[in-house]
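*Asks:* Sequence:
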Amino acid sequence: MEKLVRLAEHRAQDHVVAQRLKHGKARHAKATLDSIPSGDSLLVFVDAAFKDGNMCSGMEVRDSNGTIIFAAAKTNFALDARDTELQAIKDACSWMEKIQFGKICFVNGCLGAIQGILKVDEVVDWRYESLTLDIRKCFGFKPGWSLHFVNRDCNFIAHSICQWGFVRSWSGPIPLNILPNEVFCNEVVEKKRVVVIGGGVAGSHIANTLQHHAHVFLIDLKEYFDIPWTDLRSMVEPSFANRTLINHTEYLPNARIITSAATNITQNEVMTAQGRLVAYDYLVIATGHDYNDPRTKNEKLSYFQAENEKIKSANSILIIGGGPTGVELAAEIIVDFPDKKVTLVHRGSRLLEFIGEKAGKSALDWLTSKKVEVILGQSVKLNPESDGVYETSGGETITADCHFLCTGYPIGSSWLKETCLKDSLDTHGKLMVDTKLRVKGHNNIFAIGDITDIPELKQGYLAQKHASVAAKNLKLLMRGESETKLSSYKPASPIALVSLGRRDGLAQIMCITTVGRIAGMIKSGDLFVGMTRKQLGLKSNP
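Under this note's numbering, think of the first position of the sequence shown as 1, with each following residue one higher.
The set of hints was computed from the structure by calculation and includes no laboratory data. A hint or two may mislead.
Here are the computed lysine-lysine pairs in the DSSO-like style, where the Cα-Cα straight-line distance is at most 30 Å [claimed, not checked]:
1) K485 to K475
2) K523 to K361
3) K358 to K371
4) K222 to K370
5) K297 to K310
6) K381 to K371
7) K192 to K381
8) K341 to K430
9) K422 to K490
10) K485 to K472
11) K472 to K417
12) K539 to K523
13) K523 to K534
14) K310 to K381
15) K370 to K191
16) K310 to K340
17) K370 to K436
18) K371 to K222
19) K222 to K297
20) K361 to K222
21) K485 to K297
22) K436 to K381
23) K436 to K485
24) K310 to K358
25) K436 to K297
26) K381 to K475
27) K523 to K472
28) K523 to K485
29) K539 to K485
30) K192 to K371
31) K340 to K361
32) K485 to K222
33) K475 to K430
34) K222 to K358
DEER-style ranges, computed between Cβ atoms [as the list claims (entries may be wrong)]:
35) P338 to D423: 50 to 56 Å
36) T296 to P410: 19 to 25 Å
37) P494 to S379: 35 to 41 Å
38) K341 to S393: 17 to 23 Å
39) I512 to P253: 39 to 45 Å
40) P253 to T368: 46 to 52 Å
No residue lacks a Cβ here, since even glycine has one placed at the ideal position from N, Cα and C.
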């Protein structure tokens with residue numbers, strides 16, 4: 001212990017406090033702290049769990065200007081700490097907010113403090129949600145700080161901090177036989193803050209990729225990731241959703257999840273609907289389409305169950321819209337419930353207008369072979385008081401027990417019209433991006449997925465490609481690499497896969513179109529669920 005004291009004295013030029021760490025000698029520490037020149041300040045964490053309690057939680061020492069230069073808190077706790085230990089950390093954070101200190105010194109047995117305070121993602125799951133913000137505000141984002149370790153366990157301490165991302169490397173434990181000639185000291189290297197808005201296909205993928213490389217914040221209206229192209233299967237088979245609905249916390253253990261809408265953006269902050277400001281170094285917008293999904297996973301499961309009951313109880317079903325959603329829903333229903341009368345109405349001259357005419361004709365032939373009635377070139381007038389009788393724009397009358405509207409969803413960009421990105425929206429409400437996937441005119445803001453103006457089909461696998469390219473570029477930028485090393489995204493060649501029930505499918509690859517079992521083998525069975533889960537680091541089956 002005397003060697004530790006001499007080591008601290010040896011680093012006096014850095015104002016590392018020399019403390020007599022014997023039981024009952026808190027007054028010596030106080031006297032040493034009182035000798036620090038006025039105007040200098042630091043925070044010292046000690047293991048305050050001394051037997052006689054003289055170094056008690058809550059001790060403060062102030063200099064002549066009233067600045068807190070020392071705060072002792074009970075830091076001898078483990079990751080399974082209970083309320084009293086958590087309150088001690090909370091108290092320490094409240095002190096830290098008041099201090100503008102440039103040095104932090106960890107003395108004696110503070111491994112528990114490091115684990116509990118710096119590995120705050122463990123704390124988030126406990127009682128004090130605001131605690132994480134307090135800690136990150138105090139520890140994570142003040143450049144120029146240094147950490148001094150006076151402890152034979154510095155390798156464990158350094159490892160904990162490096163895992164959390166503040167220190168780039170460390171020299172290992174201090175051999176006691178070389179004290180006081182060596183000291184472990186690393187400059188704090190802060191991770192960048194990356195805020196991702198939107199937890200769909202693109203947003204979930206990039207957040208998952210970056211969570212170990214940056215402080216990632218995911219802002220999403222819902223608490224879960226939904227594999228969107230599987231929803232129609234879940235309507236006819238609700239249990240299928242047990243694999244397709246994934247809480248964000250399952251695949252983002254090292255990110256912060258903020259369940260809220262984003263309402264405004266400045267050059268360095270995002271405002272949420274609750275009025276919370278979330279600072280960022282880099283921003284990724286991945287809001288895709290506005291699906292108006294339920295907030296929680298259980299609510300979405302209940303939705304699928306209700307839709308399934310709606311289908312099962314109906315003898316006749318009307319589907320409005322002949323794009324991929326309408327065609328796939330009609331196929332799912334007619335395959336699982338072949339005795340039901342299914343009518344599909346589409347205002348266009350052919351089905352699947354986003355791909356070639358041959359594909360649209362193949363889809364029409366497949367549906368009619370299953371006795372689905374398809375009406376083209378007409379729309380349906382929806383009237384809340386129709387009582388199961390629907391009129392088309394061509395004057396036809398359709399009787400159905402229920403209907404499903406499959407005419408697409410708006411781009412999720414309306415909220416951007418009053419932000420700093422308003423001039424980056426095109427006439428269709430999409431964000432204009434450069435080849436690096438940065439929003440034009442904003443070097444630290446990226447956009448990926450369906451919200452971009454990239455001239456290609458809006459497909460889930462392409463959104464994942466966007467996320468991969470943007471993540472690679474963000475890693476390079478966060479390492480300070482030259483922009484010449486950034487990757488460019490090239491619009492993909494048109495490939496479309498449409499499932500037709502559980503076995504058949506339709507595929508268009510370049511100018512080749514095929515329909516039936518071969519195309520169905522690519523997508524229709526598992527709908528890429530196992531692959532998508534593995535991409536997020538999860539098991540194929542939960």
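*Asks:* Against this structure, judge whether each hint is valid.
*Replies:* Going through the hints against the structure:
Between K485 and K475 the CA atoms are separated by roughly 11 Å; this keeps the pair inside 30 Å, and the hint holds. The suggested pairing of K523 with K361 holds, with an alpha-carbon distance near 20 Å, which does not exceed 30 Å. The suggested pairing of K358 with K371 holds, with an alpha-carbon distance near 20 Å, which does not exceed 30 Å. Distance restraint check for K222 and K370: the Cα-Cα separation of roughly 37 Å exceeds the 30 Å cut-off, and the hinted pair is therefore not satisfied.
With a CA separation close to 20 Å, the supplied pair K297 and K310 stays within the 30 Å bound. Under the criterion of a C-alpha separation no larger than 30 Å, the hint pairing K381 with K371 is consistent with the structure, at around 24 Å. Among the hinted pairs, K192 with K381 is inconsistent with the structure: their alpha-carbon atoms are about 52 Å apart, more than 30 Å. Proximity of K341 to K430 is assessed by CA-CA distance (about 38 Å); at most 30 Å being required, the pair is judged violated.
Between K422 and K490 the alpha-carbon distance is near 25 Å, which keeps this suggested pair within the 30 Å criterion. Our distance criterion of 30 Å between C-alpha atoms is met by K485 and K472, whose separation comes to about 10 Å. Pair hint K472 plus K417 holds up; C-alpha atoms about 28 Å apart against a cutoff of 30 Å. Between K539 and K523, the direct Cα distance comes to roughly 19 Å. Compliance with the 30 Å bound is thereby established for this hinted pair.
Distance check on the hinted pair: K523 and K534 sit about 16 Å apart at the alpha-carbon level, within 30 Å; holds. A distance of roughly 21 Å separates the Cα atoms of K310 and K381; the hinted pair therefore holds under the 30 Å criterion. Annotation: proposed proximity of K370 to K191 is violated, straight-line Cα distance about 57 Å (limit 30 Å). The straight-line distance between the Cα atoms of K310 and K340 is roughly 12 Å, inside the 30 Å bound, and the hint therefore holds.
Our distance criterion of 30 Å between C-alpha atoms is broken by K370 and K436, whose separation comes to about 46 Å. Proposed proximity of K371 and K222 is contradicted: the alpha carbons are some 38 Å apart, above 30 Å. The straight-line distance between the Cα atoms of K222 and K297 is roughly 8 Å, inside the 30 Å bound, and the hint therefore holds. Taking the CA atoms of K361 and K222, the gap is about 38 Å. The hint is violated against a cut of 30 Å.
Restraint check for K485 and K297: not satisfied, since their Cα atoms lie roughly 40 Å apart, outside the 30 Å limit. Among the hinted pairs, K436 with K381 is inconsistent with the structure: their alpha-carbon atoms are about 44 Å apart, more than 30 Å. For the suggested pair K436 and K485, the alpha carbons sit about 10 Å apart, so the restraint of at most 30 Å is met. In summary, the hint linking K310 to K358 is not supported, as the alpha carbons are separated by about 33 Å, beyond the 30 Å threshold.
Distance check on the hinted pair: K436 and K297 sit about 34 Å apart at the alpha-carbon level, beyond 30 Å; violated. Taken as a hint, the K381 and K475 pair is broken in the structure, with Cα atoms around 51 Å apart against an allowance of 30 Å. Between the alpha carbons of K523 and K472 the distance comes to roughly 28 Å, so the proposed pair stays at or under 30 Å and holds. Between the alpha carbons of K523 and K485 the distance comes to roughly 35 Å, so the proposed pair goes past 30 Å and is violated.
Taking the CA atoms of K539 and K485, the gap is near 34 Å; set against the 30 Å cutoff, the hint is violated. For the hint linking K192 to K371, the alpha-carbon distance of about 57 Å lies beyond 30 Å, and the restraint is violated. Among the hinted pairs, K340 with K361 is consistent with the structure: their alpha-carbon atoms are about 23 Å apart, no more than 30 Å. Distance check on the hinted pair: K485 and K222 sit about 35 Å apart at the alpha-carbon level, beyond 30 Å; violated.
Our distance criterion of 30 Å between C-alpha atoms is met by K475 and K430, whose separation comes to about 25 Å. A threshold of 30 Å between alpha carbons decides the hint, and for K222 with K358 the separation of about 38 Å lies outside it, so the pair is violated. Distance hint check for P338 and D423: the Cβ-Cβ separation is about 53 Å, which falls inside the suggested range of 50 to 56 Å. In this structure the supplied range 19 to 25 Å holds for T296 paired with P410, their Cβ-Cβ distance being about 23 Å.
Judged by the Cβ atoms, the range 35 to 41 Å given for P494 and S379 is violated: they are separated by roughly 27 Å. Remark: the range hint 17 to 23 Å for K341 to S393 is upheld by a beta-carbon distance near 21 Å. Between I512 and P253 the CB atoms are about 42 Å apart, so this pair conforms to the stated range of 39 to 45 Å. With their beta carbons about 49 Å apart, P253 and T368 fall inside the hinted range of 46 to 52 Å.
Hint compliance for this structure: hints 4, 7, 8, 15, 17, 18, 20, 21, 22, 24, 25, 26, 28, 29, 30, 32, 34 and 37 are broken, all remaining hints hold.
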